[in-house]
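Participant: Order-wise, the sequence lines are chains A and W.
Here my numbering is used: the first residue of the first sequence is 2, the next is one more, and so on.
Here my numbering is used: the first residue of the second sequence is 183, the next is one more, and so on.
Just so you know, the hints here were simulated from the structure itself, not pulled from any lab data.
Computed from a prediction, not measured in an experiment: that's the story for all the values here.
If a hint is listed, it holds; no wrong ones were tucked in.
In silico DSBU-like pairs for lysine-lysine, Cα to Cα no more than 35 Å straight-line: (1) K251/W <-> K194/W; (2) K102/A <-> K252/W; (3) K194/W <-> K248/W; (4) K102/A <-> K251/W; (5) K194/W <-> K102/A; (6) K248/W <-> K102/A; (7) K248/W <-> K171/A; (8) K171/A <-> K194/W; (9) K171/A <-> K102/A; (10) K171/A <-> K251/W; (11) K252/W <-> K194/W; (12) K171/A <-> K252/W.
One side of the interface only, derived from the structure: several residues of chain W facing chain A at Cβ under 10 Å: (13) A233; (14) V240; (15) Y243; (16) P274.
If you want the ones that stay clear, here's a sample from chain W, every Cβ over 10 Å from chain A, calculated: (17) L218; (18) P219; (19) L220; (20) S224.
All residues carry an ideal CB built from backbone N, CA and C; glycine is no exception.
Next come the chains, spelled out residue by residue.
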Amino acid sequence: MSHSAVMDPSHHGVEPAESPVTPENWGKLGMWVFLAADAMSFGGLLAGYGALRYYSHDWPNPAGTLGIALTAFMTFLLIVSSFTMVQALSAFRRGNVARAKMFLLATAAGGAAFLGMQAYEWTHLMHEGLTLTGNPFGNPLFGTTFFVLTGFHGCHVLAGVLYLLYTTMKAGRGWGYGEIEITGLYWHFVDLIWILVFTFVYLL
Amino acid sequence: MSPHTAPDGGHKEPNYWAVIITLTILTAVEIGVIKLPLAKFSIGVLLVGFALTKAILVAVYFMHLKFEKKTLAIIAATPLILCTLLMFALLPDSNPKVNLRTAPAPAAQGQEHR
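Just chain A, with the same shape it has in the complex (with noise of 0.2 Å):
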């Protein structure tokens, strides 16, 4: 790609970076340092999960009072919704719009599925007596860590949906691979904090 390709905003609605150390275009620098921050939010949170567990006697084992066979779909679900997103991506770059809308919505809709069966999960666990601050099976700081984490995760989720939803109605009408590609770092990262949540609120 020549020099002036990548320096025309007309070819792409993000601004075009300008040094040698940052991305094509601002917006990819902008998405990066928010996820970052947004890291250092989930990181907060894990640390201290980490730190209210790890000296406490009645802490009920994850795996036995959560269930972990819905939540590995769950997690399942989010590998392949990031699939798809790369697919959405792949597919744009070869100039095949209607397709990477296709994989734009299923990316959505794998998101949308995800929200559905957390809110299920939920329900079966509040009737279970698990609340955000009451636990049946021992400490109830179990019950505020477990909702407040996935909680936080579940809201963006939403949000990622929701920009999903926006990014396929703007594909191809101003907004061009650079845009996706952004909305696709934000649903990568979703994926991937799920990944950690997984593992140490459920398996752990």
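Since the structure of chain A is already known, use the hints to place chain W on it.
Facilitator: Then chain W, alone, in the frame of chain A:
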């Protein structure tokens, strides 16, 4: 360049099928590991290792970190390093032996004597 082509120098696409299959296998292995007759610590080390491997795979291949400039890798690594430090920094706080909050505050002590 058409508006739909990649503005990133057109790097070769990674084998996304290989990535998704590896991620799925690692998830299945994680679930298997928790049932192994091993010490809790060993299971913990294995699970954290698998989770980090999966997270790195997503960042490197799905988020294209492999094809980006070093600046982005540094930005991505920063929260990982800071959060690891934070995790260890918070551990003494949760130790009941050094928990200063167990001692009643002077004002509360005064109220108890009344």
